Amino acid sequence: MEIILFAILLSAGVGFFAYNAWKVRYNILLGQDIDRSDRKGERLKTMILVAFGQKKMFSRPIPALLHLALYVAFIITQIELIEIAIDGLSGHHRFFYFKLGGFYTFMISFIEILSVLAFVATLAFLIRRNLLKLPRFTMKELMGWPTKDANLILLMEIVLICCIFSMNGADEVLYSRGGSHVEFAKGHYDFAISSWMGPLFFENLSIDALHIIERIGWWGHILMVFAFLNYL
230 MEIILFAILL SAGVGFFAYN AWKVRYNILL GQDIDRSDRK GERLKTMILV
280 AFGQKKMFSR PIPALLHLAL YVAFIITQIE LIEIAIDGLS GHHRFFYFKL
330 GGFYTFMISF IEILSVLAFV ATLAFLIRRN LLKLPRFTMK ELMGWPTKDA
380 NLILLMEIVL ICCIFSMNGA DEVLYSRGGS HVEFAKGHYD FAISSWMGPL
430 FFENLSIDAL HIIERIGWWG HILMVFAFLN YL
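Following the numbering used here, the numbering of the sequence shown begins with 230 at its first residue and continues without gaps.
Think of the hints as simulated: they come from the structure by calculation, not from any bench. This one's a predicted model, so the numbers in the text were calculated from it and none came from an experiment. Here a beta-carbon is modelled for each residue, glycine too, at the ideal position from N, C-alpha and C. Be careful, since some hints might not be right.
Result set (DSSO-like, lysine-lysine): computed pairs, CA atoms no more than 30 Å apart in a straight line [said to hold, decoys possible]: (1) 252 x 269; (2) 328 x 362; (3) 377 x 252; (4) 377 x 362.
Computed Cβ-Cβ distance ranges for the label pairs, DEER-style [said to hold, decoys possible]: (5) 433 x 335: 27 to 37 Å; (6) 257 x 437: 44 to 54 Å; (7) 329 x 300: 19 to 29 Å.
Make a model of the complete structure from these sequences and hints.
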């Protein structure tokens, strides 16, 4: 049943994204055709710095570092979606865990560390926007929907991060008790953050409660990613 539900969700999420991408392309093609085949190196450099590197953020060091942490974390953490897609469509759990061994532990640990940095950055942005009331955030043109839009995106990021750690943390405790979906083996994942955060928050919970939290985190993670995919 979960496989069917996931397949429907995946198809809907990717389908809506493809439709939105088509609309963007359609609107672009409505414009006048211009030959941009010259200065390819310069154009590529500009695209990387502006579109991918968020160059405009780096005029102020502290906000730049916060934006970098948030931006890189969001991009890198999506690597985990490959495994989630395979798990969701096949019924496996942590498909790459035994196949990649120590490299898997390293990758998930790296993702968790980036997620913590993203969480700190997100809280900092919310505080800057809503408590410190910095002048550039209180300008007339940023009132109303622009402010609500920014806050909504930041809150969605927090929910996504909480889902990641709920999933990994509960699964860590389950695995230590031999109750994880990972072939019902017993051990420790040794992920950088959830290996201690999981027991800290979930150690006293029952197996059934842990399974519920892990599944909420797993489904919440994929739902938030699809929400970002189609909202942004």
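| query | Straight-line Cα separation of residue 377 and residue 252 no greater than 30 Å? | reply | Holds, because 24 Å separates the two Cα atoms, which is no more than 30 Å.
| Given the hint that residue 328 pairs with residue 362, does the C-alpha gap stay at or below 30 Å? | violated (49 Å)
| said: Just to be sure I understand the hint, the distance between the Cβ atoms of residue 329 and residue 300 should be within 19 to 29 Å; is that true here? | reply: holds (26 Å)
| said: Does the beta carbon distance between residue 433 and residue 335 stay inside 27 to 37 Å, or does it fall outside? | reply: Given a distance of about 30 Å, which is inside 27 to 37 Å, the answer is holds.
| field | Range agreement (Cβ of residue 437 with Cβ of residue 257, hint 44 to 54 Å) | value | holds (51 Å)
| query | Has the given pair, residue 377 with residue 362, been kept, meaning a C-alpha gap of at most 30 Å? | reply | Within the cut-off at roughly 14 Å; holds.
| Straight-line Cα separation of residue 252 and residue 269 no greater than 30 Å? | Answer holds: residue 252 to residue 269 is near 26 Å, not above 30 Å.
Going through the hint list in order, the structure does not satisfy hint 2, though it satisfies all others.
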